[in-house]
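K.L.:
What follows is the residue order along each chain.
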Amino acid sequence: MSEAKKQEARKIPYVAAIKEGVREVLLEQDNSFVAGEDVAGAGGVFGHYGGLLQEFGPDRVYDTPISEKAIMGLGVGASATGCRPIVDIMFIDFIGECMDEIANQMAKMRYMFGGNATLPVTIITMSGGGLSMAAQHSQCLEAWLAHLPGVKVVCPSNAYDAKGMTIAAARDDNPVFVVFNKASLGMSMEVPEGAYEVPIGKAAICREGSDLTIVAISRMVHEAMAAADQLKDLGLDVEVIDARSVQPFDTETVIKSIKKTHRALIVHEAVKFGGIGGEISAQIQEQAFDYLDAPVMRVGAPFCPVPFSPVLEEIYIPNADTIVAKVKDTLEL
Amino acid sequence: MAKKIKAKKQAAKAPAAKNKKPAANNKKPAAKAKIAAARKKPAVKTTASRKSTPKKTRKRSGPSDQTLKELHLKMVRIRCFEEAGGQMMEDGKIPGALHLYVGEEAIAAGVMQHLSNEDQITSTHRGHGHLVAKGGEFKPMFAELLGRSTGYCGGKGGSMHISNLELGMLGANGIVGGGPPIAMGAAFSNKFRKTKNVTISFFGDGASNEGSVHEAANMAALYKLPCIFVCENNGYGEYTSQANHQAIVDVADRAAGYGMPGVIVDGMDVMAVYEAAGEAIERARNGGGPTLLECKTYRYYDHVGMRGMGMSYRTDEEVEAWRKRDAIAGFEQRLIELGVMNRKQVDSIYTRINNEIEEAIAYAFDSPHPEPHELLENVYCEKGA
Ligand SMILES: Cc1ncc(C[n+]2csc(CCOP(=O)(O)OP(=O)(O)O)c2C)c(N)n1
Ligand SMILES: [Mg+2]
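The listed protein sequences correspond, in order, to chains A and B.
So in the numbering used here, the last spot in the first sequence is 1586, and the numbers never skip.
So in the numbering used here, the last spot in the second sequence is 466, and the numbers never skip.
Just so you know, not all the hints are guaranteed correct.
[What the hints assert, rightly or not] Only some residues are given here: those of chain B computed to face chain A with a beta carbon under 10 Å: (1) G177; (2) G236; (3) S240; (4) G287; (5) Y320; (6) H326; (7) D397; (8) E399; (9) D428.
By construction, these hints were calculated from the structure, which means they are not laboratory data.
From the three backbone atoms N, C-alpha and C, an ideal C-beta is built for every residue, glycine too.
Throw the hints in and build the complete structure from the sequences for me.
P.N.:
Right, dumping it as structure tokens:
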């Protein structure tokens, strides 16, 4: 938290922190605006834009038609020509509707044009399950985006980061996806007033330990922290790292930690196969193989869509218990 | 060329009550005012083919008493299902969210009356009504809403993915605009397999702004597919009014651009829907290609759940004005006047259906949750199956 101006700390929920971040951006950048489905009149279906229309007016906050491809195109075209748009895709699951705008236009324009285009666009979206919203409203698709050279992807796990990363994303001159987590919206913590940045591409060490490093993404950070408590009772001193940014990924912080702990586990809510965990695992083996005392472990969702049934969804989403079970199994504790 | 002329002609059938469509270069505020005015006055005229309320009681021309009773029953079944399900959601007994179809029953009933199980539909996030009208049974429906293994999808889909392929119901959909391309594909299949079956794609006014809808409509018209695009225009996409999401008043105006007939109908009048859908379906079955049928309607409750009044994005007066034109109440009045049913018979239908619902809910609650091993089942089918 050193980068924050330590003004009077108040506890506010994640959802309010997002709004504060967006508000700071609108205050500081005259050529920024917010556009998305139900972001203006309704203040966002999750309430994370509440009051912004009233404060900044209809020239800064726009309700769009249900047209994700056009929304993303708005972000690309407007950012390439002098605006700093914040566009909203309500659920990350809807990203398929506009994937071409992202993958073939937004991500590649600068490169294809020989560096002649700059796209300072921020894309805000929500991911994650646990709310019985079934297969098309619960996914974690950050790996789809992180695979694309040309865009950045951050996944704030808490209210402090939610605000600081929104601001950092909007100040960045590249396209940045800020992937929030729906199930975390009500989680409160101390968040400074005013503008501050949480740097993109920098992981955070949430808990120091000496026996095992858990690298977690988004809400799984909290599960990892709970798992660390349980593992402590088994005599394992766990270090927990919040990846915060998956593209770019802070390999350095992770490698440094593993050179100390000699064991690594990566946990994310996304499907394990093809998830970011595979990439992180590979980087660890490439750069710290000689330091490893155990195979690199991964915990992620099984290879199936998110089930509606709350009973099945409970099994589907990784949690502290599944993390502990994985560690016990691999390390034969 | 002929296609285009036909489309124009059909579009001209649109009710006189609707002003001529705004020119493309219309100033937005004017268009908005017009839309707002149109929404405030729900009295929408319907297709030319719709007869005004018949005066004679016996010896009517048109649908049989049996058909009228079935239309009524379909609507009441939907209404009662939705009221019960909505209440359960509000009471926290149903996980996740329900999008209720209350107020829009006439559309599902009027369209589905023409279909067999071999005809398909694609539905929306507001999909229970479509399934009920397509012949969905209450027990597996409630069980699905509760995520139980006896549900239509074994508990894996829930409200937003409820489906039954045996009934030709290709699924509710969590993706707005997800249905039309699938419907077009099913209609292609109907033609390819040389059947006489049709596919209906239901979608909202909000969904009409998704590129997927335009692509599907264009291809359906090009291939002359037996596909009917039924736009359920309830004036809102979530909390955004039609005036704030498109610059046109009538979604059916777009039919000309696709090269298919566009028809506007009063979605609160089940007979009007029944007749307009009948024409479109008949044309499609006989190789005449797709139709865009826009039904002007209204959802009584909120986008999600049961709250209906006191919303900031619409006025209570607006809700009340539409409720006064309730499709079911109006149709019951008409059936009684026609002597098809009397009040007592009408009332007894509600009693019977509500009993059936009570039983279905009990059945659903008694049903088991899916077993853990089911989590990984049905991601793929077995090879050669
Ligand atoms: C691709 C996509 N974008 C956005 C949403 C969120 N969403 C769900 S329903 C809805 C409104 C749909 O409006 P309309 O098509 O008019 O149907 P109605 O709810 O009025 O029946 C929206 C925006 C979604 N589910 N899918
Ligand atoms: Mg609508």
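K.L.:
Need the list of violated hint numbers for this structure, in ascending order.
P.N.:
7, 8 and 9
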